[in-house]
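Work out the full structure: start from the sequences and follow the hints.
If you read the protein sequences in the order shown, they are chains A and B. Residue numbering for the first sequence follows this note's numbering, beginning at 7 and increasing consecutively. Residue numbering for the second sequence follows this note's numbering, beginning at 541 and increasing consecutively.
Calculated directly from the structure, the hints in this document are not laboratory data. Bear in mind the structure is a predicted one, so any value in this text is a computation, not a measurement. It is possible that part of the hints are untrue.
[As the list claims (entries may be wrong)] For the chain A half of the interface with chain B, some residues (derived, Cβ under 8 Å), not all of them:
#, residue
1, Thr9
2, Lys16
3, Phe18
4, Arg19
5, Gln20
6, Arg23
7, Asn24
8, Asn127
9, Asn130
10, Gly214
11, Gln218
12, Val221
13, Pro223
14, Thr378
[Said to hold, decoys possible] When the alpha-carbon atoms are kept at most 27 Å apart in a straight line, the in silico DSS-like pairs for lysine-lysine are as follows:
#, chain 1, residue 1, chain 2, residue 2
15, B, Lys626, A, Lys211
16, A, Lys226, B, Lys619
17, A, Lys376, B, Lys690
18, B, Lys558, B, Lys619
19, A, Lys345, A, Lys226
20, A, Lys133, A, Lys89
21, B, Lys578, B, Lys558
22, B, Lys791, B, Lys771
23, B, Lys619, B, Lys578
24, B, Lys680, A, Lys25
25, B, Lys680, A, Lys375
26, A, Lys375, B, Lys634
27, A, Lys376, B, Lys558
For each residue, glycine too, the CB sits at the ideal point set by N, CA and C.
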Amino acid sequence: MRTVLFLLQKEFRQIFRNKSILAIIMVMPVVQLIIMPLAADYEVKNINLAVVDHDHSSYSRQLISKITASGYFRLADYSATFKEAMKFIESDHADVVLEIPHGFEKKLIREDEQQLFIAVNAINGTKANLGGAYLGQIIRAYNQDIRLELVQPGRINPIPVIEITSSNWFNPLMNYKFFMVPGILAILVTMVGGFLTSLNIVREKEIGTIEQINVTPIRKHHFILGKLIPFWILGNVVFTVGLLVSWLVYGIVPVGNPGVLYSFIAVYLLAIMGFGLLVSTFCETQQQAMFIMFFFMMVFILMGGLFTPIESMPDWARAIAAFNPVSYLINVMRLVILKGSGFREILPHLGIIAGFAVVLNSWAILNYKKTT
Amino acid sequence: MENHKNGRGEEVSIRADKLTKQYGDFIAANAISFEVYKGEIFGFLGANGAGKTTAMRMLCGLSTPSSGSATIAGFDVYKETEEIKKNIGYMSQKFSLYEDLTILENIRFYGGIYGLSRGELREKSAALIARLGLQGEANKLVASLPLGWKQKLAFSVAVLHQPRIVFLDEPTGGVDPVTRRQFWDLIYQAADQGVTIFVTTHYMDEAEYCNRISIMVDGSIAALDTPHRLKQQFGVASMDEVFYQLAREAKRADG
Numbered sequence: 007m008r009t010v011l012f013l014l015q016k017e018f019r020q021i022f023r024n025k026s027i028l029a030i031i032m033v034m035p036v037v038q039l040i041i042m043p044l045a046a047d048y049e050v051k052n053i054n055l056a057v058v059d060h061d062h063s064s065y066s067r068q069l070i071s072k073i074t075a076s077g078y079f080r081l082a083d084y085s086a087t088f089k090e091a092m093k094f095i096e097s098d099h100a101d102v103v104l105e106i107p108h109g110f111e112k113k114l115i116r117e118d119e120q121q122l123f124i125a126v127n128a129i130n131g132t133k134a135n136l137g138g139a140y141l142g143q144i145i146r147a148y149n150q151d152i153r154l155e156l157v158q159p160g161r162i163n164p165i166p167v168i169e170i171t172s173s174n175w176f177n178p179l180m181n182y183k184f185f186m187v188p189g190i191l192a193i194l195v196t197m198v199g200g201f202l203t204s205l206n207i208v209r210e211k212e213i214g215t216i217e218q219i220n221v222t223p224i225r226k227h228h229f230i231l232g233k234l235i236p237f238w239i240l241g242n243v244v245f246t247v248g249l250l251v252s253w254l255v256y257g258i259v260p261v262g263n264p265g266v267l268y269s270f271i272a273v274y275l276l277a278i279m280g281f282g283l284l285v286s287t288f289c290e291t292q293q294q295a296m297f298i299m300f301f302f303m304m305v306f307i308l309m310g311g312l313f314t315p316i317e318s319m320p321d322w323a324r325a326i327a328a329f330n331p332v333s334y335l336i337n338v339m340r341l342v343i344l345k346g347s348g349f350r351e352i353l354p355h356l357g358i359i360a361g362f363a364v365v366l367n368s369w370a371i372l373n374y375k376k377t378t
Numbered sequence: 541m542e543n544h545k546n547g548r549g550e551e552v553s554i555r556a557d558k559l560t561k562q563y564g565d566f567i568a569a570n571a572i573s574f575e576v577y578k579g580e581i582f583g584f585l586g587a588n589g590a591g592k593t594t595a596m597r598m599l600c601g602l603s604t605p606s607s608g609s610a611t612i613a614g615f616d617v618y619k620e621t622e623e624i625k626k627n628i629g630y631m632s633q634k635f636s637l638y639e640d641l642t643i644l645e646n647i648r649f650y651g652g653i654y655g656l657s658r659g660e661l662r663e664k665s666a667a668l669i670a671r672l673g674l675q676g677e678a679n680k681l682v683a684s685l686p687l688g689w690k691q692k693l694a695f696s697v698a699v700l701h702q703p704r705i706v707f708l709d710e711p712t713g714g715v716d717p718v719t720r721r722q723f724w725d726l727i728y729q730a731a732d733q734g735v736t737i738f739v740t741t742h743y744m745d746e747a748e749y750c751n752r753i754s755i756m757v758d759g760s761i762a763a764l765d766t767p768h769r770l771k772q773q774f775g776v777a778s779m780d781e782v783f784y785q786l787a788r789e790a791k792r793a794d795g
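Shown next, in the form of structure tokens:
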């Protein structure tokens, strides 16, 4: 055990002497936590709308002003023909085209029926999807308003109306920051833990100091412990800083017990660092390690359930996500911070992550060869 | 450990028997056999790419031989690599102390890894720093030292735990002549205390300082004897010429 103490002393000296890395470790999470949730907004605003109004009636003007007043749309153009409006989509100045046909008002009143045409630029999937849906919603609401105006409500409503009222539990205002911030914090902890460990060992390989270590009678697991412990502590520090930022900037206070959160993070860091160690045993240069880590990080992040729900992925993708430690962390973070789940609810997650930690670290120790 | 003695009663520190390292079709070290005795300074010469470092890495337990056998300080090179590592010191071609640690921190770190006690560490690091005349520099980062001092420090750290054998891979490459002399003084001091020195070099004047030298050509040992007898055998006046005669026959490209 004394050997581990010497290793720890050395490792901490090197960490604290490398001021720029230390600053990056501390400043990066703070800046990212402050900037990213504000920018990575799920609500789509400023959808550029091109209107082709063939009717020029008071009804069509009403509809248009209702749309622009919603706050989601910006009137990009008021074209005379659909062809012209299409040009705006082609030049990327418009996202949605709304075509109001001739005799819109007349037909709506007389025949009680009318059709509108919406063309959506589907290059940006999210924007197109939501833009179309918003527009549909506004038009439906508009439709209902007119009905009330036109049809005097009799004793029996001619059109049955189902009204839906929903309430959002655990996040009453559907504040997207409440689920983005814990998710982003999860990713930051993963990046710091994974990258630091893998790059650190590969750096020793590059400089050649690892050879000097390999020629000593040092035990492999001592060496690995000497690398794990300092970065494990750093990971916890980053996590704590992140929690403080979410509290100070976003007012997010874990509803659940922070102790539950920390015990999960403790095991999680071991798992992700074990992964970093494993990668480092396969790589000879920091460049290789960086690219391999980058590849996995991309998969971890995009398939971790932060941006798109895992439940809606195809089966094969869900199978991959089951091996993605980040998905468990994001899940647990949301469960504990937003929902206030206790130890019992996160136990399955904890068990799986503990399994990852054991497998990855043992594999790393086995694969680390003092003699080649 | 049982004593390994040769016919003349000298204790054998290193014994290699047909030691071979093969990478695919390439035989880096081809059935090399030799013995090195306790307290001896054994020079290991050869052109670049002749297989010196490969051979040395096998003897240090850093690389597993493809075939043949060897014992280092009586320990088997296949099965007892960790025992070997307790008994040897190693200084690689690449400077491998931590540049972002101070002189004192490097000494204490490596001493600690080899299991020296706190008292020993204090005592030995003070003695080491005094011997190298680095009293004023002990708390400076190793990165700030000139190369010659770095090499002397690296050597002193390699023998800090009083190994029985120390392996030096081109320890004086790029070092000025005065510092090289000082470096060899350190080597002699260690040898006088009974440490076996196994050293590779490209400097022929250094070869003359060795008790015995072997010259590797294309992965095999082409000559092995005292510098004096080698010169007699080849009928030349200097080690330079001995080396030229042997190295000229090399077929491997330089590198």
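- Unmet hints by their number, sorted upward, for this structure: 3, 8, 9, 19, 25
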